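Each protein sequence line maps, in turn, to chains A and B.
Here the first sequence is numbered in our numbering, starting from 1 and rising by one per residue.
Here the second sequence is numbered in our numbering, starting from 1 and rising by one per residue.
Hints in this document: simulated from the structure, not taken from any laboratory.
A quick note: this is a predicted structure, and the numbers were derived from the prediction, not measured.
Incorrect hints may appear among the rest.
List of simulated lysine-lysine pairs, DSS-like, C-alpha gap at most 27 angstroms [unchecked claim]:
#1 B:LYS2 with B:LYS97
#2 B:LYS165 with A:LYS94
#3 B:LYS17 with A:LYS105
#4 A:LYS94 with B:LYS17
#5 A:LYS75 with B:LYS41
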Amino acid sequence: MNKEIMVVDDDPSIRSTVDIILKTSGYSICAVESGQGCLDRLREGFRGLILMDVMMPKMDGWDTIAAIEDEGLYKGNVICMLTAVHDPCPKLEKLTEYVMDYVRKPFTSEELLEVVTEYIEYVQ
Amino acid sequence: MKKRNIVIIGISTGGPKTLRGFFDGLPLLDASIVLVQHMIKCANRSLCATLNSLTEMEVKIASHGESMKPGVVYFAPSEVHLKLINNKMIQLVESPKVCFVRPAVDVTMKSIRKTAEDNITGVIMTGMGMDGTDGLSYIKSIGGVTFAQDEITSVVWGMPKSAIKTGKVDYVLPPEGIRKKLISQLGRLPG
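So here's chain A without its partners, still in its complex pose:
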């Protein structure tokens, strides 16, 4: 099975940075700008590691994860959050089983790759 990485972030510079870092390291990646875009990809059959921004307009990262779980789209995928926020949102408490780790912004390429290397292995 080909394990992909999806970056979900409304900031185009983040999507571009993650794309460059991960493609340079040999990963297959897709980038979407919203929670809705993430759901669409999952419904199309995406299976892999999802790097999810927290602060997005209309549907934030937590609402997106809740929607993923509601639609039964979580199975086999792994989610790590991308966030600049230091204090965790209370919404995480109800979704804690679905979030493996955080990548704090701004991140170095080493920090991003450390998380990706660790958690891509858990994708089923």
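On the provided structure of chain A, position chain B as indicated by the hints.
Leaving out everything else, chain B in the frame of chain A:
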């Protein structure tokens, strides 16, 4: 009579990476360890296998009805709570979530009985929410030793912070500090 050592660890977001460092090179301890990691089911076996390859202890997914032995880490399976009967036999139960999670380390810790034969240790590491707060207080109340991970090293300082606020935590340490203390307190089995 030689006492049994029982350690219960609760951990959540940030756990897999934290546990990899914690278990890397961990010697064969004279203890039964129950590990409750909040995690979706499909990732259980991968993490369990990874940890098993890193430590001299045997790391396995806990089975219903199994009796705990020293030198083994029992990884609580997802979607059920893990209780201990008479501090020895593992019972997996499908009761409602506690603190929004299942397995909840509160359930495991509060299933422990106070006995003269057992040394009990509770550890709460990185994660959001309050799972482990009541459990750690309970362990302290029955004479056990309690640890919480410090803020600097926690990916999410929710569970440890909540436990520390009770005033019932003996040690607030980074993972390597917790590990060092446990090795010192528990001792090793002959390899």
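Hint-by-hint comparison with the structure:
no., hint, result
1, B:LYS2 with B:LYS97, "36 angstroms, violated"
2, B:LYS165 with A:LYS94, "21 angstroms, holds"
3, B:LYS17 with A:LYS105, "18 angstroms, holds"
4, A:LYS94 with B:LYS17, "21 angstroms, holds"
5, A:LYS75 with B:LYS41, "9 angstroms, holds"
In this structure, only the earlier hint numbered 1 is contradicted, and the remaining ones agree with it.
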